[in-house]
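Keeping their order, the protein sequence lines are chains A and B.
Residues 1 to 112 (my numbering) are what the first sequence spells out, left to right.
Residues 1001 to 1113 (my numbering) are what the second sequence spells out, left to right.
In case anyone wonders, no lab produced these hints; they're calculated from the structure.
Backbone N, C-alpha and C define an ideal beta-carbon position, used for all residues, glycine too.
A hint or two may mislead.
[Unchecked claim] Restricting the straight-line Cα-Cα distance to at most 20 Å, the calculated cross-link-like pairs of lysine to aspartate or glutamate (EDC-like) are:
| no. | chain 1 | residue 1 | chain 2 | residue 2 |
| --- | --- | --- | --- | --- |
| 1 | B | Lys1041 | B | Asp1088 |
| 2 | A | Lys42 | B | Glu1022 |
| 3 | A | Lys71 | A | Asp84 |
| 4 | A | Lys37 | A | Asp84 |
| 5 | A | Lys99 | B | Asp1100 |
| 6 | A | Lys37 | B | Asp1100 |
| 7 | A | Lys42 | B | Glu1059 |
| 8 | B | Lys1014 | B | Glu1052 |
| 9 | A | Lys99 | B | Glu1052 |
| 10 | A | Lys99 | B | Glu1087 |
| 11 | B | Lys1041 | A | Glu56 |
| 12 | A | Lys58 | B | Glu1087 |
[As the list claims (entries may be wrong)] Short derived list, chain A residues pointing at chain B, Cβ under 8 Å:
| no. | residue |
| --- | --- |
| 13 | Pro44 |
| 14 | Asp49 |
| 15 | Gln98 |
| 16 | Lys99 |
| 17 | Leu100 |
| 18 | Phe102 |
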Amino acid sequence: GENVEQHPSTLSVQEGDSAVIKCTYSDSASNYFPWYKQELGKGPQLIIDIRSNVGEKKDQRIAVTLNKTAKHFSLHITETQPEDSAVYFCAARSQGAQKLVFGQGTRLTINP
Amino acid sequence: GAVVSQHPSWVICKSGTSVKIECRSLDFQATTMFWYRQFPKQSLMLMATSNEGSKATYEQGVEKDKFLINHASLTLSTLTVTSAHPEDSSFYICSADRTDTQYFGPGTRLTVL
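Extracted from the complex, chain A is given alone in its bound form (with noise of 0.2 Å):
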């Protein structure tokens, strides 16, 4: 089955600058890529989310990026605000999956 290895478990950034998360997955099948935001207590928010026939996709700060051949994908944020303080999580799915694979998730903090 699949499986979504997500990188690095934490990450601390000055606000104004960039983070970058990374996910590998397994399966070359795998066609939907979302990404989650949750808040502590708070459950996971769909920030974006890209589909295999793309490579790229931008939502203002927010930007993912997907390589087929490498079977990986990337979250990029920029301009980081301290709002932006959360945990990430990164996940696929297999075509005709219903049900996400999701990373270990990023715990992302945004220092002033």
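Please arrange chain B on chain A, whose structure you already have, making use of the hints.
Just chain B now, with coordinates in the frame of chain A:
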């Protein structure tokens, strides 16, 4: 759009009692809902996939007789933890599928004394 609610947001119960958690999609219909469990500082662990009108599909290692799931309508799924014990204490989160995208509820914190 794509709002998912859960009730209750937190619950404390005595060992041996049963607890029901509701998951509702407020502004869309969801044929498929999912139930997850999350321990502190860990990732989301899928417990089961719930399809409206049919039996839930449980992940390996999840006791279906202990975690009863009902998805009787397109906007409501329930998770009942039967004969709860302290080791069942956790953060339970549901999600609902809308056009192939999962939207999560706010979670329910269960504490079993």
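Enumerated hints in conflict with the structure, sorted upward: 3, 7, 8, 10, 11 and 12
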